[in-house]
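Student: Residues per chain, in single letters:
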Amino acid sequence: MLPDNETRVKMYRTMLTSRHMDDRIMELYYKDKTPVFDIAAGLIPGEIHSSHGQEACAVGTVFVLGQEDWITAAHRPHHTAIARGICVKKILCEIMGKANGLSAGRGGHMHLYSKEHKFCSSGIIAEGMGPAAGMALASRMQGKGGIGVCYLGEAAVNQGAWHEVMNMAGVYKLPFICVIEDNNWGVSVSKAASTAIARNSDRATSYNALGLYVDSNDPDDIYNKMTEATEYARSGKGPVILELKTYRLQGHMLGDPQHYVPEEEKLAFRDCTIDYKNKLVNEGVITESEADSIIADIKNEVDEAVEFAIKSPLPDAQNALTGNFV
Amino acid sequence: MLPDNETRVKMYRTMLTSRHMDDRIMELYYKDKTPVFDIAAGLIPGEIHSSHGQEACAVGTVFVLGQEDWITAAHRPHHTAIARGICVKKILCEIMGKANGLSAGRGGHMHLYSKEHKFCSSGIIAEGMGPAAGMALASRMQGKGGIGVCYLGEAAVNQGAWHEVMNMAGVYKLPFICVIEDNNWGVSVSKAASTAIARNSDRATSYNALGLYVDSNDPDDIYNKMTEATEYARSGKGPVILELKTYRLQGHMLGDPQHYVPEEEKLAFRDCTIDYKNKLVNEGVITESEADSIIADIKNEVDEAVEFAIKSPLPDAQNALTGNFV
Amino acid sequence: MNMSNNRVLTMARAGREAVKWEMENDKNVFMLGEDVYKFGGVFGTADGLGEIFGADRILDTPISETGFIGLATGAAIAGMRPIVELAFADFIGVCYSAIVNLAAKHHYLSNGEFKVPMVLMLGSGGGYNNGGQHSQALHACLAHMPGMKVIAPSNAYDAKGFMHAAIRSDDFVVYMGQKRTSGVGFFGAPIPDSMSEIPDEPYTIEFGVARTVKEGTDVTVVAISWAVHQAMDAAKELEKEGISVEVIDPRTLVPLDRESIINSVRKTGRLVVADEDYQSYGFTSEVIASVIESEPNVFKSAPIRVANPDTTIPYSRPMEQQVLPTSARIKQAILDVMK
Amino acid sequence: MNMSNNRVLTMARAGREAVKWEMENDKNVFMLGEDVYKFGGVFGTADGLGEIFGADRILDTPISETGFIGLATGAAIAGMRPIVELAFADFIGVCYSAIVNLAAKHHYLSNGEFKVPMVLMLGSGGGYNNGGQHSQALHACLAHMPGMKVIAPSNAYDAKGFMHAAIRSDDFVVYMGQKRTSGVGFFGAPIPDSMSEIPDEPYTIEFGVARTVKEGTDVTVVAISWAVHQAMDAAKELEKEGISVEVIDPRTLVPLDRESIINSVRKTGRLVVADEDYQSYGFTSEVIASVIESEPNVFKSAPIRVANPDTTIPYSRPMEQQVLPTSARIKQAILDVMK
Ligand SMILES: Cc1ncc(C[n+]2csc(CCOP(=O)(O)OP(=O)(O)O)c2C)c(N)n1
Ligand SMILES: Cc1ncc(C[n+]2csc(CCOP(=O)(O)OP(=O)(O)O)c2C)c(N)n1
Ligand SMILES: [Mg+2]
Ligand SMILES: [Mg+2]
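One line per chain: the protein sequences are A, B, C and D, in this order.
Okay, so the first sequence: first residue is 1 according to my numbering, each after it adds one.
Okay, so the second sequence: first residue is 1 according to my numbering, each after it adds one.
Okay, so the third sequence: first residue is 1 according to my numbering, each after it adds one.
Okay, so the fourth sequence: first residue is 1 according to my numbering, each after it adds one.
Keep in mind the hints are simulated off the structure, nothing from the lab.
Do not rely on the hints blindly, as some may be mistaken.
[What the hints assert, rightly or not] As a list, the in silico EDC-like pairs of lysine to aspartate or glutamate whose alpha-carbon atoms are at most 20 Å apart: (1) K38/D with E24/D; (2) K115/A with D171/C; (3) K115/C with E116/A; (4) K10/B with D275/B; (5) K38/D with E264/A; (6) K115/C with E68/A; (7) K38/D with E307/A; (8) K115/C with D310/D; (9) K311/B with D32/B.
[Stated by the list, open to error] Derived, one-sided and incomplete: chain D residues facing chain A with beta-carbon distance under 8 Å: (10) E34; (11) K38; (12) D60; (13) S64; (14) G93; (15) G127; (16) N130; (17) Q133; (18) F186; (19) P199; (20) P202; (21) T311; (22) R317; (23) M319; (24) Q321.
A quick note: this is a predicted structure, and the numbers were derived from the prediction, not measured.
Cβ atoms here follow ideal geometry from the backbone N, Cα and C, with glycine treated the same way.
Produce the complete structure using the sequences and hints provided.
Tutor: Structure follows, in structure tokens:
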């Protein structure tokens, strides 16, 4: 099912929100790490895996989901969290390690959690697979009708956990979807160098699962296939693998110059926020000037959230020592 | 390629050797564990996973291999070790924890090793996958031309290690074969209850591998397919999955009454040593009386090995403390 | 333990009774793992529960430990209370990340947004010649890591009480039972002191409270799990020789009841620590360090550890016996510490 | 460390130099892991080696740690000498069985039939706000288990010497480098004392021999890896206040040079142990227990541990700093132990 125009505009706005947040994060990240780059320095320390280029994958899938559905996101979680509607301020505060972040600064960028949004994430590759399947199982046991969706990258598919959980989801016929964002790279290793076959969705045959593939990085196409995926999963037929071709525009993590990516490939990179804007304008869904004002709006909103986060207080150091147990 | 008659008789003898060894082990295992069964008691303590019923899988595959090839066996390794030509006395001594066992009693039944035979085993499910692939890689790097063969059960396929290594073997095009002995049970869990699809050989498509299946538990058929498998693997085309339908005649481990196996299924169990004998006799490869004398021969040989092992000394307790390092 | 009453149970039966009660009284409790449904768990932890609760609540899994511990974690986050049966402690190797990085860290990293009310049952230890990959104790590999309670009961009374407490806890709890204390059929006659008279009604035991198994004045022996029984055997023998041994069973490694241990050593001035796990970087060093860091002058003689001497566990009987914390070794250590 | 000479290298460069030399001189040595071929290893361990030795000897792997550690083990058994790069120590979670049940046990269980001459390189530790799953030290999780040497150099001289020794060793060796001691570009200016003047020629350092980083008479501080530098900072500050601190770097956890530690405490009578790993059931307790079990009356005051207080590592800077064994915490411990 294709999204209606209202949804499309909302998807576009959401992509931009994620993009501008990532742009601001990038700017702030580099700012106070000069002249000698020190990953531990500045307002935003540690690794940051930005979602630049993959925003289409998030909106096209998450917008199909309901309140009852569960999500586990990967080490690259910003776009997924934004698409799920998690408060930008709280995300930014968490990424800056502030007391009013999602996890009060305990988690950080790879660990975004929101109970309200049934949203978790993990920095260990493919470690969201089990939990999302377990959330699907719990939903079924409790008769709540939700499904579990795990997001990961194409390289994560070669982790043992992926196979174990896909098989279990097949055996138990869980309402479970694995969304694979295929940006062709796992850090510096290309898909061809890490994966024995071209399409991970073809691995569905190993698990009695439905395998779907979208090669356009277009939110509408993704929304369409995700609708098929959710219908299948909700019907009780079993799990779905949905692989989405996408692009990793800013390298594996901020600071990665991607020297290892061939120049031709870099030239072929597409920016889904630009492509989608053009599409919406060309199809008359929005005008150029509406697009401009959306961009301006979003920038304002994100900038405000950034200001809020910057001004927010750091947590008390002593908080480190509590919270391991209930 | 089908085996010649000389090979067939040798395969038959080898199956019988394994069977009679397992029969004697079973007898000795139960003997001094009565009246109150205590797994820690007697001449042979601990878990024993006998190979009763699966001997065809071992001879049909191992007889195709050469001296240069490497094997990693599973927690159920007796038939594989015997087919590889490892000394019955040394195996029995190891299983009785004697000083002159393969590993001087350090390993035990799940840990049979022989450098001469390029043979290892492991009690952790699917843990032979990586090593066999690594042996294949080492052989290629050293220009030695050997292949690596990992043996495991159908239930082991759902362990993450299996997937990780199959994929790596596909990526590196390793001369690697995974032989799956499908006895339909992983302890008390049936294949249908643990595996999302009917045939693990179909999972070959996930790894750009060759998938082969033999449903007869017949050494000739297995030999034939294993020949195809080794030719493929040696040619540099990549890995092979060879799944073999077989039967677990004595339960998961000695003492397991298999209550959970449906009666109809038990009635359909086939004994490959009997079937193969009948086949060889029917085809005129051996006469009934030759068959009888082979059986008598083998019994004698195995009984002698058992006597030898029983009389062999236990290791000095202090040996426990050395050998963790070279 | 007084066995005069009607219901004397083994550890496996006692633990299972708690599981059954909780499953009857809380529909969110369910069990999953290898061989639980028809087999009742390799070590009897789910004996008969499959028939009572059906395949949907006693869930057989594929041999996919990372997968099903991850799955249970997700189910716990989503409101269920899973009990995961992982037959052998040795198998934590194939699912260590799911345990230590996922289940154990979710509560902290989410700042309490998500609880993980999950129990992970492990059968630990050896002494029955099952070889180096099926005989390990490994509790230190878990107790070292933050975010999970780690309990290791040594008798049936504790087994039931801790199981109720573990299932009801909103924390992630690892419940380790030494296989040969379980009392399951194929391990021969049960260790008498591992069996207890068990009240019908449910009860809980507080984590982090040690039990003084036997009072004494000359030497403190701190022992955990199977080693408790070995320590008691040694203590009883030495009692005859006029040495008064106090035996302390901390019962839980996390939290560890350091106070009770220290109090005992304040009284005796001598300490032996017995444990089946590998010696270095383990339980025995933690107990000793915990005493000395609060009581530097308490020792009349050097404390002694009786643990696996940092060796892979051999299969053969005489060799395996050599590395276990047997009563003979503990007795010798007590005699040495008395010198 | 004297830096007057020409070649002062970081730890990553020094270790890499040893790898390069060994690969040039032994065709059986090869390296595999994630991001080694073109990226040179996330922490610079293979920088430039891909170009020199090609993709067949500097082998990129899929994100399949259990798979490639198993594969390396098999290659080692079959006569190769693999060096496995596993970027973050935290990832031992997904391949713990391949490490502890397979690679570490093969030699013993096969009674020496098969050797596993393999090096596993891990980047450990935090302090740069990378969150709870990318900042762990975890050396005790490995050192607790039998069958592997565990080394954790703190400076470039040791890094090179131990790398040569590790590659040439016929044992399975785990080589842990604290990420922020590596001197790799993105960690800012390198810790000065982590850099050393490096001889051109290869040399080896014996496992199990501690280094006295600084002599002193009042207090012994035993510290490992990154904590060595924190201890030295504290020691230098306190020197000014008239407290003479001896700093010992055991350098290898397995084997552990207990003798040197004990000798130092015999002299000082006071002990502080500093470690980035989780406190309980870890390095700090092992060091303390090792002293007391051979010298029960050596302590003038209670030894003090400075380690992670058994908490998941928080992301936010002030909280993370709170759980690290910083020089401030070590200094305070030294002052306390002097009381
Ligand atoms: C088990 C594990 N191994 C390795 C890593 C390090 N790592 C983090 S992200 C990454 C690449 C992931 O690639 P992919 O799954 O394609 O996701 P992408 O980064 O492209 O979004 C790696 C190797 C990890 N976090 N966990
Ligand atoms: C990682 C791991 N999980 C569980 C086990 C316990 N276990 C031993 S054998 C076995 C069943 C294996 O079934 P299969 O692979 O089909 O081999 P079979 O026993 O049928 O020969 C199980 C679950 C183990 N040894 N290792
Ligand atoms: Mg990717
Ligand atoms: Mg089977």
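Student: Determine which of the earlier numbered hints do not hold for this structure and return their numbers in increasing order.
Tutor: 7, 19 and 20
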